[in-house]
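Student: So you can see what is in the structure, the chains are spelled out below.
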Amino acid sequence: MSATMDLEADRLARATIRRNARNRWIAYVTLSLGVLIFAFPIWLTLVGSSHDASTIGRGDVPLWFGPHAISNYVSAWLTGGEATRTTRSVPAWVMLWNSLNMAVLIAVGKIAISLLSAFAVVFFSFPGRMIAFWLIFITLMLPVEVRIIPTFEVMVNLGLINTMTGLVVPLIASATATLLFRQFFLTIPDEYVEAAKIDGAGPLRFFKDVVLPLSVTNIAALFVILFIYGWNQYLWPLLIVSDRDLETVVVGMTKMIGNGDAQNEWNIIMATAVLAMLPPVAVVVFMQRWFVKGLTETEK
Amino acid sequence: MATLSLDSVKKQFAATQVLHGIDLEVADGEMIVVVGASGCGKSTLLRIVAGLETATSGHVRIDGRDVTALEPADRDIAMVFQNYALYPHMSVFENMAYGLKIRGMKPAEIRRRVDEAAQMLEIGALLERKPRQLSGGQRQRVAMGRAVVREPKLFLFDEPLSNLDAKLRVQMRAEIRRLQKRLGVTSLFVTHDQVEAMTLGDRLVVMHQGRAAQVASPMEVWGRPADTYVASFIGSPAMNFLAATMEPGGGAAALKAGLAIGFTDGPRAGEAGMPLTLGIRPEHIQLGQGGLDLAVDLVEPLGSETVIHGTIRGGETLTVRLPIPARGIGAVLPVILPWDAFHIFDGSSGRRIEPA
Chain A
1 MSATMDLEAD
11 RLARATIRRN
21 ARNRWIAYVT
31 LSLGVLIFAF
41 PIWLTLVGSS
51 HDASTIGRGD
61 VPLWFGPHAI
71 SNYVSAWLTG
81 GEATRTTRSV
91 PAWVMLWNSL
101 NMAVLIAVGK
111 IAISLLSAFA
121 VVFFSFPGRM
131 IAFWLIFITL
141 MLPVEVRIIP
151 TFEVMVNLGL
161 INTMTGLVVP
171 LIASATATLL
181 FRQFFLTIPD
191 EYVEAAKIDG
201 AGPLRFFKDV
211 VLPLSVTNIA
221 ALFVILFIYG
231 WNQYLWPLLI
241 VSDRDLETVV
251 VGMTKMIGNG
261 DAQNEWNIIM
271 ATAVLAMLPP
281 VAVVVFMQRW
291 FVKGLTETEK
Chain B
1 MATLSLDSVK
11 KQFAATQVLH
21 GIDLEVADGE
31 MIVVVGASGC
41 GKSTLLRIVA
51 GLETATSGHV
61 RIDGRDVTAL
71 EPADRDIAMV
81 FQNYALYPHM
91 SVFENMAYGL
101 KIRGMKPAEI
111 RRRVDEAAQM
121 LEIGALLERK
131 PRQLSGGQRQ
141 RVAMGRAVVR
151 EPKLFLFDEP
161 LSNLDAKLRV
171 QMRAEIRRLQ
181 KRLGVTSLFV
191 THDQVEAMTL
201 GDRLVVMHQG
211 RAAQVASPME
221 VWGRPADTYV
231 ASFIGSPAMN
241 FLAATMEPGG
251 GAAALKAGLA
261 IGFTDGPRAG
271 EAGMPLTLGI
281 RPEHIQLGQG
291 GLDLAVDLVE
301 PLGSETVIHG
311 TIRGGETLTV
321 RLPIPARGIG
331 AVLPVILPWD
341 AFHIFDGSSG
351 RRIEPA
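Taken in order, these protein sequences are the chains called A and B.
Here the first sequence stands for residues 1 to 300, numbered as in the working numbering.
Here the second sequence stands for residues 1 to 356, numbered as in the working numbering.
Since the hints were made in silico from the structure, they are not lab data.
Once the Cα atoms are required to be at most 27 Å apart in a straight line, the calculated BS3-like pairs of lysine-lysine come out as:
{"hint": "1", "chain 1": "A", "residue 1": "K197", "chain 2": "B", "residue 2": "K10"}
{"hint": "2", "chain 1": "B", "residue 1": "K153", "chain 2": "A", "residue 2": "K197"}
{"hint": "3", "chain 1": "B", "residue 1": "K181", "chain 2": "B", "residue 2": "K153"}
{"hint": "4", "chain 1": "B", "residue 1": "K101", "chain 2": "A", "residue 2": "K197"}
{"hint": "5", "chain 1": "B", "residue 1": "K106", "chain 2": "A", "residue 2": "K197"}
{"hint": "6", "chain 1": "A", "residue 1": "K208", "chain 2": "B", "residue 2": "K130"}
{"hint": "7", "chain 1": "B", "residue 1": "K167", "chain 2": "B", "residue 2": "K181"}
So that you can see chain B by itself, here it is in the shape it has in the complex (with noise of 0.2 Å):
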């Protein structure tokens, strides 16, 4: 049980800077799911809070303690891996137990550890048996049961369902949540995938090129997207952008397709005819008559609902996401934007516009 607190942690490999500073506070017990694409650093960030790699400046500290300088295995830490690490020689009971043997603890204390976690994960039944004899979601079970038995200040997650079919994959993550809640120790979990990160995380750090893009909990993350980076990495399919201008007075946008969009939630600061994007999710946009046609490319039918491709006036890709079977689509729909579905980002910094 900790806390962990990130301190202007900053990385550069020879000429590329890989972190740019990145601040972050991790509550007693917290889950905090670190999401992004692939080379935005947040591997780098998991592994500097590991020790595996030396942060270039700036400090980690584990419950007050700073622990920068440390050695992973100095800093009462575990680690639940990729492709789970798990030794190939050794028994699931000796993979488990390693970490204890080492730190010298006694055979009598190791057992009862060990079968603990084994019984709470149900792997009770596989402790003589070598990893390559089980199945992705066993050995995936054993990573964290090897995780677990340490029973250290911090879990440390590298996106540890990746290599498991999608099944499993939804199955485990429910497990990893439920086990984290029940013993509830402080955790830092990267993925990729941002339904793992949404149904994870207490809260997420979205990460883009090096720099936490928002922390917050991930409804606020998809309710209240801080840039058109963050709004369109959360949500599936990705939001919409559309471009637009301000309207004198600050109260509504026009689009280049020719709509104006009125601010529900009250008028934004900024010079009339200053470029803004306005974000709208698939899901948001309804049928109906008196908004844009949409020139339907493709649909995809996902039973229930249906995700259609296409493009408004002004050559603009649009994607609707209705909850109608896809038969009967014409080629043109016509559609309703709300206004009140709307995000309005600045259109050159991309950063979210809040009401003045």
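This is chain A alone, in the form it adopts within the complex (with noise of 0.2 Å):
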């Protein structure tokens, strides 16, 4: 009796393990192939970066390293190629450099306007806040591409074509990160106020002192994502910035990519595009404890 019941509950057991197997091998397959999507194109790019131009330029698309990484990634950095006759060429630190202030100045920006604003709509009540937080969520529906043409228009009687101002300034307000820092900063609890009010803490001290200091993960989130956000920035950039000394990688690409009147140095598009890719990896991986941490939890 105690025999064939252990037999039954031995068979169970290695169904069991059976199962897991499957449904393990099952799971890798399935994200091997999604990584294999993913990584494909960069795989690409990283490899074509390492070849000479008249190897792409023929047509062939090698899997394997070439021998050329090092002359493609000096020459990209440093002069950005051959100069067409039509166009001249942009050393890639140049267009990095913009696009770092670029990024960096929209994010800072950003999170600074949206944290004033959030925090008037929050902690003060005033005449008209509901009505100034709609309008500022309204906003959400008019992304710079609906706005781009009267946005121009102010950009050109204010004279800030081609300035590092008139390329941020369009991009700094922003209705998410208020709308994100609205969220945050209701649940902080009245009590904090309360008690800050007791201690003599005016409004600007218990922003300094307090909500400022409980934001901080936020802040780093948000600065991830913002950052992203303005680095991938490519038709405002491609619109208000004619000079090639202002012009950020994302746009100064696609002007390498010839229009048929010479050959494209394909080598050294792709190691422009993989120094491009960088930074933003660079931000991911620095930041990607407070990211997370900013996403997931809350001190309180």
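Using the supplied hints, reconstruct the complex from the two chains, each of which is provided in its own coordinate frame.
Tutor: Given below as structure tokens:
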């Protein structure tokens, strides 16, 4: 009796192990496929940046590294490839520097403005508070692309074409970040506000001493998202900047792809693309810890 | 060290009248406990004294100075919140020092005051910790410390013990009382817990629907409740109320249950047949023949004592607390209601009727 029961239990246990193994195997195959689909273009770019122009120009798509990586990166970094008849080339470092400036200014600007507006909306009761909040909220429906013509005209009238200010300012207003901070501020217990009032802290003091320190992880998480948002801007920089010394790397790269007058230096373009990927990756890797913390936990 | 005086303080939120004019005089060094069920306006009253709410009308005076229009920071008060409201990113020291720092006190003086308060509250070893590293009782002490270092004219406590477990609550209750006596700071303590109210207060303010139903010492409130609400709120289990009518001459009442109760402390004014409510506390009812028969519904053993719920003739419920073990209590219990244990209330208004 007990022997047959043991046998039965044994059989069930082995079936479970087999099933688990099969499930694990399916999971790995699915994940590997996903990784392949996402990583393959990046792999091609990496490999392409290590061959000379003629290899890619012939139409070959090499799957393994070639011998020209160093010379390609040096030339991309310092000169941006050879100038053609119609366009001069811009070194990658100039474009990267411009992109970095833009992305940091946008991220910092957005965070600063949204922190302050969310603070006003949450902690003060003034007439028109909800109207102000909804006006901010409604701009969610008006991204840069929708209001691009009037915005461009305003920038022209202000003489901000071809300036870093003109590049950054229209992108700074952010309903999303305001909304995010508002939601976070709403979770700060009223008692902190009241304790601060009794302690004698004024609104700005409360902002600096209590609200800001509590928001650190949120700010870090938002910085990562906004930095990448700024770095990837394409349409607005394309419109507002014609001076190639102010060109961002995302726009500059597309301009490196010629119009058929001359052969594209795909090796240099690939190298520039790899360089353009590095700063966002660095930001994510560097701030990952705070990023995850900011999205998942609240310190209360 | 200060007096506090409230002069017909009223508060209205939109259409709701939350406070119907509260008058209160608090002497220097006195501990006043404001007690009432939730929604009675006790927290609103405290917040008006703190300056976190503005009164619709009336005046708040601290030490004779009208502070009605002043900001909380300018009232020279300190408050202990229900959830302590310790700033989570600041250490215990920083939490306690914050208010002093804002007032521009010198670091050396801040250090001295915080150290002194920390020693008094036995949290000296915790000064560098963050609030989340503290237990509930420790947080409570830090919140007290934050109030103490300010050396304010007035302590305000907003149900500070309600987040603690039962055992710690009893311990902290005693500590708060000791500390308040030692520092001699005038205090206002809000709670919904009648035991806290009885043990902590020099005087109680029993709030009911935005009014102060009674302002008196704990024993006075217990022994001579001003109306049926106060009588039912203070004391556990709650006082029993029995419907009755006045007998001719005002010297006795006839219970609906069919028993005559004589007024041992003197006759009351009132016509014969006037409706009365007679109150008697469960612990004053005794076991014995010649009174009423209690049909037992529920027996709650409390160890040395037993609380018995039941109904008497006429269907009224009666709760009895007897100093006997629960075993052997039958389905019907003969009880005696001693005449001198009764409280006499007006049957319609609920107010206490004193001997004429």
